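Please build the complete structure, drawing on both the sequences and the hints.
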Amino acid sequence: MTSRVGEERISTDGLEEFAAVRPRLFGIAYRMLGSAAEAEDIVQEVWIRWQGYDRRQVRNAPAFLATTATRLAINAAQSAHARRETYIGPWLPEPVDTSRDPALGAERAEALEFAVLLLLERLSATERAAYVLREAFDYPYEQIAEVLQQSEANARQLVSRARKHLAEERKSAVSAAEQRRLLDAFVAAAQTGNIAHLEQLLAEDVVSYSDGGGAVRASRFPVLGRERVAKFVHAFAPRFWTGVEVAPIETNGRPGVALAKDGAVFAVLTVTASQEGIDRLLWVMNPAKLGAYVPVAG
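Following my numbering, the numbering of the sequence shown begins with 1 at its first residue and continues without gaps.
Derived by calculation from the structure, the hints in this document are not laboratory data.
Given the structure is predicted, the values throughout are model-derived calculations rather than measurements.
We put the CB at the ideal spot given by N, CA and C, even for glycine.
One or more hints might be untrue.
[Said to hold, decoys possible] Each pair of labels, with its calculated beta carbon distance range:
id: 1; residue 1: A177; residue 2: R49; range: 38 to 46 Å
id: 2; residue 1: A63; residue 2: G225; range: 18 to 26 Å
id: 3; residue 1: E227; residue 2: E142; range: 45 to 53 Å
id: 4; residue 1: Q44; residue 2: G243; range: 36 to 44 Å
id: 5; residue 1: E169; residue 2: F266; range: 24 to 32 Å
See the structure below:
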């Protein structure tokens with residue numbers, strides 16, 4: 001049994017309408033928060049509110065649900081910013097396995113890569129929302145303005161400002177195939193601790209970030225520069241790589257590797273790279289962020 005609302009037919013429990021846009025709701029929240037767990041919380045809260053709302057008043061269910069998710073994500077992003085100021089060590093986004101969940105990047109892969117998620121963290125929550133809605137989901141400015149409760153001119157300005165900030169920081173990325181080649185070559189050199197080979201792969205201004213969240217041993221400070229990073233990787237090679245299984249994965253739409261011991265994944269490593277070489281090493285080691293990656297078969 002359904003009720004006619006405007007030009008839509010809304011099911012009595014709203015499940016059909018919610019299920020149809022659930023991947024998009026998660027995609028918006030994840031891109032804004034960099035956390036799959038927090039994005040799932042947002043999606044669940046949207047469902048609760050959808051259940052409690054008088055759906056007879058809703059003329060466009062997808063727009064209503066996306067608006068609710070975006071506004072909840074803005075609030076969550078503002079509180080997350082305060083929490084991350086006390087985070088132990090560098091904070092990195094929670095990686096998502098896009099090979100197992102292709103729907104996450106099915107519409108547009110923009111604002112999904114680690115490099116972009118890190119840059120989005122530097123924007124205000126409202127700028128971030130405007131950018132994600134426009135660049136990842138191709139929302140018209142009129143709708144972005146309605147979601148953010150801004151004028152259309154302000155919505156355009158928010159997107160323009162976000163694009164400018166990201167353009168100033170982003171380097172020209174290499175292809176996924178070249179990123180895979182560089183990552184595999186780095187892992188091979190890191191396992192042997194060969195400083196000369198490591199330096200050949202790294203850009204001069206490379207930075208290595210290790211996110212352990214205080215739960216595991218990891219560098220609490222970024223390591224900067226080609227020589228320092230090469231020496232850092234060389235120093236921990238003997239104890240770090242012993243007994244480690246390396247499995248190629250796709251994380252956030254780009255190549256990565258899962259590192260496991262005794263079948264249990266303990267780290268996900270990915271890189272960003274330009275024509276100058278690897279410019280960022282991103283080691284996600286916080287166990288709370290590795291839930292997307294199943295144990296590696298022995």
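Practice item. Against the structure, test the hints numbered earlier, and report the numbers of the ones violated in rising order. Key: Violated hint: only 2; rest satisfied.
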